[in-house]
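Colleague: Sequence:
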Amino acid sequence: MKCSEETYILALIYLDRVTAKKTDLVLNIYCIHRLFLSALVVAAKFFEDRYYKNSYYSKVGGIANPELNSLELEFLVYIDFRLYVSNEEYENYYNTLIEYFGKKQQP
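Okay, so the sequence shown: first residue is 1 according to the UniProt record's numbering, each after it adds one.
If you are wondering where the hints come from, they were derived from the structure by calculation, not from laboratory data.
Note that the structure is predicted; figures quoted are calculated from it, not measured.
It cannot be assumed that every hint is accurate.
When the alpha-carbon atoms are kept at most 25 Å apart in a straight line, the in silico DSS-like pairs for lysine-lysine are as follows [said to hold, decoys possible]:
hint, residue 1, residue 2
1, Lys21, Lys59
2, Lys45, Lys2
3, Lys59, Lys45
4, Lys21, Lys53
5, Lys45, Lys22
6, Lys2, Lys59
Make a model of the complete structure from these sequences and hints.
Modeller: Here it is as structure tokens:
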């Protein structure tokens, strides 16, 4: 999907918020795909100046549009509609990712 780097980082932060709150969440290949897609859609709508309709995201994600609409709302409820991310929290995630992937790329 065409999203900025910041949008992907926000999606990761939102996913961490869900898993911190929903400790009984059982993940498998089908629901992790839907959970990530929901996080990405919410992050794109919150951060990007231009974003696509849910019909586009559902097509790219391979799920039905009504299902994505429902998942988006459920995801927002899971994170208590807390979309704001402080600069400090964002920078912590950004630096952790840079450090992790920087180390992985070195021989």
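Colleague: Hints first: check each against the structure and report whether it holds.
Modeller: Hint check results:
no.: 1; hint: Lys21 with Lys59; in the structure: violated (29 Å)
no.: 2; hint: Lys45 with Lys2; in the structure: holds (13 Å)
no.: 3; hint: Lys59 with Lys45; in the structure: holds (17 Å)
no.: 4; hint: Lys21 with Lys53; in the structure: violated (28 Å)
no.: 5; hint: Lys45 with Lys22; in the structure: holds (23 Å)
no.: 6; hint: Lys2 with Lys59; in the structure: holds (13 Å)
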